[in-house]
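Chains A, B and C are the protein sequences, given in the same order. Mapping the first sequence onto the numbering used here, position 109 (from 1) lands on 124, and the numbers just tick up by one. Mapping the second sequence onto the numbering used here, position 31 (from 1) lands on 39, and the numbers just tick up by one. Mapping the third sequence onto the numbering used here, position 62 (from 1) lands on 81, and the numbers just tick up by one.
It should be emphasised that the hints constitute simulated quantities derived from the structure, not laboratory data. The reader is advised that the hints may include incorrect statements.
In silico DMTMM-like pairs for lysine to aspartate or glutamate, Cα to Cα no more than 25 Å straight-line [claimed, not checked]:
1) 217(A) x 94(C)
2) 216(A) x 110(C)
3) 431(A) x 244(A)
4) 188(A) x 94(C)
5) 343(A) x 228(C)
6) 192(A) x 94(C)
7) 101(C) x 189(A)
8) 374(A) x 78(B)
Each chain, letter by letter, is given below.
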Amino acid sequence: MTDSLTSRRSLMRYGAYGAAAAALGGVAANWDRLTGADIPGRDDGSLVVATLGPAYGPAAVRTLTEGFRKLHPDIKLRINAVQAVDWSDFFAKILTQIAAGTAPDLVYVATEGVQLFARRLGVALDHWVKRDAEELREYFADVHPSLVESMMYEGSLYQLPVEFNAADMYLNKEVLKRAGAAFPAPDWTRDDFTALLRDMKKSSGSRFTPYFWTNRLWGGVVPWLFANDTNLLAESKAPGGAWLWDSFYPPAARRGRGGGYRWTTPRATDARVEEAYDYLASLIQEGLCTRPEGGNGQNLVGVFSTGRVGVTPAGGFWAGGLHLAGMKAPDYDVQYFPRWRTQRMQFGAAGYALLRTSKRQEEAWEFIKYAARRDTLSRLFTTNQTTPARRSMLDAARYRETGPRHWQVFYDTLDKFPDTGPIPAPPQVAEVEQVLLKHTGTALASRRAVAPALRRMQGDLEKAMERDV
Amino acid sequence: MTTNTRQAPARRPRPAAPPAAAPRPAARDRGTRLLATLFLAPTIVGIVVFTVVPIIGSVVLSLFHWNVIDDPSFAGAANYREVFSDSTVLVSFRNTLVFMVLAVALQLLIALALALAVNGRMPLWLRSVFRSAFFFPLVLSAASISVVMKYLFNQDFGVVNWLLGLVGVAPVPWLTSENGAMAAVILVYVWQQFGFSFLLFVGGLNNIPKEIHEAASLDGATGLRKHLSVTLPLLSPTLLVASVVGIINALQVFEQPYVLTNGGPGDSTRTVVMVIYETAFEQLRFGPASAVGVLLFVLIMAVTALQFRLSRRFVHYQ
Amino acid sequence: MSQATTSRATSRAATSRTTDRATTGRAGNRAAPKPIRARHSLAPWARIAGLAVCALLTLGPVIWTVSTSLRTPAESFDLPPKIIPTHPTTESYRGVFDQIDVWLVALNSTLVTALIAVGQMITAGLAGYAFARLEFRFKKPLFGLVLATMMVPLQVTIVPVFLVLKSMGLTDTLLGLIIPAFPTAFGTFLMRQYFLGMPKDLGEAAMLDGCGPWRIFRSVYAPLAAPGLAIVGVLAFNYHWNEFFRPLILETSGQNYTLPLGLVSLQGNLGTGSISVVLAGVVLSMIPAVAVFVVGQRPLREGITSAGVNR
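Bound conformation, chain A alone:
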């Protein structure tokens, strides 16, 4: 008894010594990993670019880095693909870095954050754009002015857009066939849309919902507000911007352009807003439309590709997503968002914002130009994970493998509907978005719930907009 205990104990002791040795060895061998000293470009004066991780895989980061090195061998570059679930997560992380004094030089920013960054953190690109106007002429000629205008704030340009996504309607062709319905015309109306949903519902089983949407700022309720010729916040344009329009765009494209959007007074109680919510509530009541779910729309690919859903709004980014999920070009197609009072549509765009705190602003500007080049974007957007901001990149070859057949819709949303505009994203965007999502959830509980919920939304939006961000 005592002997076996002793031997067990000595075994344990040797075990403990072994574990301690292994731990020490592990620490020693991985010291650089533990302190981050092995990260190339850390604290060595590299230009640091923060991108949204899920959109930029390791391959994309490599492509971007290598291409830049070839062009500017003298500038050290480090791309930091930040993991975040959505844009607000991403901004939270960037701000923590700023608080820590380890801010990147450039940040990839979507419409959601353009004004927040412009107002508080960003540097206007105006004097560089003017300086390198000749070099940039080709870029602006290839990019729709609506996208450029969405990157302006109070007369100055803060980013060169490299990608965008408008909310168009994706339709499952299989479901269309089942319903015996024709593919909708480009100028289809809201009533055509409703009729189509009813046909789909009639011809399908119980585990089918014709219209699926995700409750978020981009592509949720906002497209319906735009179609009904209204907006969540009163929309106007800042003066200025002529310096850009006059030097890069022909007179026809200049008309009505200004110095960027201003989103000010909340108008959640506007009659047309209420009308749009009431319409969605009636669709839900009829079983034609999913209820607004919280969070992201992750199960969407699965339910759409298997025909459990017939129609859903999405942008060019979805062509790649559906292809990955095994959908072939003939299985689905894309049409514009239906007309209501107007056929104005909404989009979100993204580009690189230069931070005020950056000590490498000249180098950063070189990267901004590099990132907007056609060859750079072509190498980056190979899988149709987004819509390139350059019109010339959208061609039949690009969409041959993934579909959809009507790929022209993606850019024509801008070309054919020049009043199409960005989602409302003032500097107070985080709170605005949260208020919108929250009250949309309650507003669509029933048709009776719409008006009171919108009144509460109005109150909360007013409070949010009063805050100086």
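Using the hints provided, position chains B and C relative to the given structure of chain A.
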């Protein structure tokens, strides 16, 4: 860190000899004190640096306006006033308390029932299989499993409603109605957490001497009555630990509602910790976020203190 | 050399003198009285069937996750769910390896989790012993302080913690995740319970033999603590392997991401990721946790159990 550890003994107050102990050589007492100081130093220094100082930091922050970008400016009680008049904050406290009561009650009930059932007569291997199964969800990540649960609880395409459909229940709007969403969050949380209480109860039952039960059986107590009159009082210390830990954890629930419902529909599943996260990291209002954090901390302390006070009356030590 | 011999001799003497008591006193749970054989009104088979249903419900979501990760995305929403995939495919797993640097994030997670586990075993072992077996001033308030840290939500202190780490130059390093996690309230509590469960006479006997407080710890109690420490280690592994919030806020460089953070990118831009790939990532991240669960199941069970008894 190492330097901190070394400095610590000098900073800490010198512990005195225990009173009225049997006379011991003074050298030994000094040795004990030195040993205690050395042994406690890593934990106490760590807690001071990474918990106490940050809490003080939070309290200070709650008195300032701060958005990370600009320098902080003094706000006095403004943040607290704002927080108390913010309906979202108030609702989140109500939600958290409702969640706590229901989740902890359900968790303890399920765990206790299963612990009693597993303790009954059955082959040893089977008992071990059951114990492992009930414990298993604890090893998974709450965030990942909530992603999975979001699929399972989907109203139209989810497995849960399909299963309910098999027994004739109409589709439940789990994540899209206020009560359904709260129910889903509670179920997912309890599913992951009950294994912890379950094991506590299994251990507690093991420690009840067999003789007591035999005596009770001789007195004619059987089945449920025996459990109510004999087992439960003997299990009360375990019950206290299980409920204290359960409540502390439940009041800090974050991942499940964040992933499953994002606080919705409306504010119906928005919890206090979610509000702290959103206010601080999404809206960059660190002042009010800290104020809510301080209030939550006070609430947790108060609830725990209340429990220990109540426990004096109900907990029965052998 | 001679010291080692004496210490071994002392401990052997101490053990042999108390073997009879050790069976009843040591770590209550181990030598626990036989479990109750309650005479339930329920028939045993009904009870076992009920338990089986509960076990199935408990494991159901996990089974679904594994089987869905082996199916094509198109089949992921099939109802009834096909538990055995008709066309099993490991495509999703390849997708995980394509989209994230699995080896790097796994190395980071392993380093962080292992070092935290070792660190917590040391801090909890030492502090737990001090609270259980040493007498000193402010013992109660200090123990209260330790326990109170359990009540502090991470989200409340993360910004000040961030600033503390910044002053130490540890932001965006793995050490910045590891060091703040060394003190553990629950682990300390657990080890205190564990040491309290050991018979007091062991130490008293050693003291009569002239052992100082260090020697008593080193030769008498510490050797008995291994199972308790294993529990602390397993619990730490379990918690920190799955930890999401602290790495999310504290680690900014992609090279410093831990596994749960890496998995986020599988969800895709605007949620366009394939559910099968997401679930394959979840399954991959589960494997080490499950392995530790299988190995550490017994100490884990005993540890949690002992926390509930004898105060």
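So if I understand the rule, the pair passes when the alpha-carbon distance is 25 Å or less; does residue 216(A) with residue 110(C) pass? 34 Å, violated
Could you grab the alpha-carbon distance between residue 101(C) and residue 189(A) and see if it respects the 25 Å cut-off? 23 Å, holds
Between residue 217(A) and residue 94(C), is the straight-line Cα distance small enough, at 25 Å or below? 24 Å, holds
Given the hint that residue 192(A) pairs with residue 94(C), test it: the Cα-Cα distance must not exceed 25 Å. 21 Å, holds
Is the Cα-Cα distance between residue 188(A) and residue 94(C) 25 Å or less? 18 Å, holds
Mind checking the alpha carbons of residue 431(A) and residue 244(A) for me, to see if they're no more than 25 Å apart? Holds - the C-alpha atoms of residue 244(A) and residue 431(A) are around 17 Å apart, at most 25 Å.
What's the verdict on residue 374(A) and residue 78(B), does the C-alpha distance respect the 25 Å limit or exceed it? 19 Å, holds
With a cut-off of 25 Å on the C-alpha distance, tell me whether residue 343(A) and residue 228(C) pass. 83 Å, violated
The structure shown violates the earlier hints numbered 2 and 5.
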